[in-house]
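Undergrad: Each chain is listed here by its residues.
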Amino acid sequence: MGMLSAFANPHRFLALSSWLAPLFYTVGGALIAWGVWQGLWVVPKDDYQGGDIMRVMFIHVPAAWLAMASYSAMAAASFIWFIWRHELADIAAKAIAPLGATWTALCLATGSIWGKPTWGTWWQWDDARMMSVLFLFFLFLGYMALRAAMDSRQKAARAGAILAMVGALNVPLIKFSVDMFTSLHQDASVITADGPKMAAVYLWPLMMSGLGHSLLFGALVMTLMRAEIWTRRAARQRARLLAGA
Amino acid sequence: MSPKPILSAFRQALSESWAGGAGALLPLGFFAGAAVLVPLGIGTEPGMLRAVGPGILWVSLALSSLVTLERIFQADVEDGALDLWLQAGAPVSAIAAAKTFAHWLTAGLPLALMSPVLALMFQAEAGIGLLTGPLIYGLGGLAFFFWGGVGAALSATVRRGGLLIALIALPLYVPTAIFGSMAMRGAALGDTAPLLLAASTLFALAAAPFAMAAALRLAAD
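Sequence order for the protein chains is R and H. Heads up: the first sequence runs through residues 17 to 261, numbered per this note's numbering. Heads up: the second sequence runs through residues 267 to 487, numbered per this note's numbering.
With the rest of the complex left out, here is chain H (with noise of 0.2 Å):
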């Protein structure tokens, strides 16, 4: 098996996330939109903002992953590339590894480096933690996007499929949601949370490209 259609459905993911436009800037604008939104509802009274701040990260960091992800296999669908894909014999589940993995480089790691920066307008202590931030919403980001690429195969031929998307995708987003807001507040586990947040996406990136390829193997007929 050649890593040809792999690298090539890489590089054009990539390209294609600066394409359109803003680029990988819009989902940097829904992601800190998001978050901005909530002092505005809940009020700015700093120690529930310190309290709710990584919370809200993480929820906004879901919901951006979820809005960028709806349209990640439908093109590969409506223009015959998994048609071909399948017709030479390319290893679907790391074609759609490879692809869910740079979706996450534009739209998923550039919001994880930002957080620092929110983290301080949710009146966070400026410190080591801010440093950690970026790895915590990184590493729940990957898993985001792995489990959210599984709704998205899903519901690549369903027209408006984004709220599939995000009903399909909510309960899988349960382990990280919890390992990483415990990783985030240090809470009475210590250094455990980290770990299990690791496990619990090395566990996405191990199961997720099975189901994105049988699920596009489905979409292909």
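The shape of chain R in the complex, shown without the other chains (with noise of 0.2 Å):
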């Protein structure tokens, strides 16, 4: 707990997040340029894959793990805040949200525009995986829509932490339910392995894709979270000024 606390300082996340995050966003974007360079130029395309329409891999495989890793995080700060109401636990679950909702839109979209020609349709309903990411979104917009619906903040705060946390606890039977329910028509998905049997060529710019999208992802957090921290501290302020008045 130690640490957490540390960190739960707002003057130490603003100080420390004041020169993290632009190291984030150059980093990030620098590496994010170096995976698409490598992906559209310079790695051999892959016919197995569909041929040239593989190359939105280095896209698509990075937005899935940031989609997947932001509702944890999401989840995480939740219960953080549920349990020791860290604010600044509850400030990065709000700015998560968005982020995450938009990283999971990102994969989805590549998903089905790798789909068309790969699988000859843009929507593929047997695909476990397709149908696992809808349905995170899914759960990202509800918290978005049950935050907004709130008419304080503390009670937004609230809300949210419990839904967040309710639905970090279906998602497993939700992957379940759903693995199930495409494994009854597994003639009908032409999907192929791939994974850990990925070549080196691809696996490197794939790799370094996802360490600059979550750098990014982190930066973005980062910015938000600070625009909150000042939102919040200008209207604490505001009522101490009239108040006074």
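Take these hints with a grain of salt, some might be off.
As the list claims (entries may be wrong) - If you want the footprint, here are the derived chain R segments under chain H, 3+ residues with CB under 8 Å:
{"no.": "1", "stretch": "153-167"}
{"no.": "2", "stretch": "182-196"}
What the hints assert, rightly or not - Computed spacing ranges between beta-carbons, pair by pair:
{"no.": "3", "chain 1": "R", "residue 1": "E103", "chain 2": "H", "residue 2": "E344", "range": "28 to 34 Å"}
{"no.": "4", "chain 1": "H", "residue 1": "D487", "chain 2": "R", "residue 2": "P38", "range": "36 to 42 Å"}
{"no.": "5", "chain 1": "H", "residue 1": "E344", "chain 2": "R", "residue 2": "R101", "range": "23 to 29 Å"}
By construction, these hints were calculated from the structure, which means they are not laboratory data. Keep in mind the model is a prediction, meaning the values are calculated, not measured. Ideal placement from N, C-alpha and C gives every residue a C-beta, glycine not left out.
Can you join these two chains into the complex? Each is in its own frame, and there are hints to help.
TA: Have a look at this one:
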């Protein structure tokens, strides 16, 4: 807890993020640029994965990774806020939601674009990964809608934390049921196994691109958190001035 | 802890659902209406209706649970009942569970019992499947109502929270919808689908009351 409390201090966060965010923007942007350059011009195309369209992988896979990681991070931040009431944890959860939803949508869009030439369809109901990511997207939307509907910041934080934890509790079950649903129609799916078998020529740009997206994500979260901290301070300041007048 | 507030909340929820005009018949009407719209929309070819029938009933059941859940906790917030429970130290999670269960009894179970009639209209074969249908729709409906109850409790202070409940509950309905329609189709998994449905319903019964209680404490503030 000692370490967590140290990070929970908004002053320390503002000081840390004032140089960490620009660093993440720079390094993350450079890595993404390198990954995209490698992906588009350097690596050979893989006809087994649909030819040139497989180059979308260098955006798609990092987006999928961030979709899952961001929901986990949001649920973890919600849990920390719910138990210890560190304001910064709520600020983090609030900042992660729209960004997580954006990367999740990016994952769905790029997956769909990749699916059209390879599977012959924009949307494959029999693909467990597409379905799981779609429901993750809905979890993000529900979280943001609930927060927006609450009439005070404190209530938004509490309701959001409860929902994020309920969602996280259900994610394994949703994943399991979707896997089961799609395994019924195995013949219809033309999914090719990738992953560990992937050649090093693809793996490096992919990993660097994944790291770049993660850093960019982290930088954006920090920027949104900084904005939120200053917004809350301004609101407090205004309340103080009004009370004094 | 005395069971009295739990029982009174349960009884009150039962009587409330009969009050106000059509009472428990209203969800039935909605369920039937939603299901009957489908053949008008997609056509009346018997083979197709037989294929989509069970799924349509699941969707109609999910929609019925969502539209009827909107008010389940709002009245308790508005008339102060919630504050009284909290002041008296009553177990809010048990009260929420009792209320949701009562709600399922009046707005969920009747739909499950009516499902064979609608299944026949969707060209289902008359047979043993018609008898297991109510059991499966009943089980699945219970999970729908409990997860929907979490959405209802979270949006108890939100005016016009209905759409919000739907958005919150939709991803939570996924396992039930999947296991439920697999059980109805007697799909390749044979007998495991009803068991998985029962397991996910038990999970909802175990987890949802605590989330509802946390949300109701928030609504009382």
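Undergrad: Could you work out which earlier hints the structure fails to respect and list their numbers in ascending sequence?
TA: When the structure is compared with the hints, none of them turns out to be violated.
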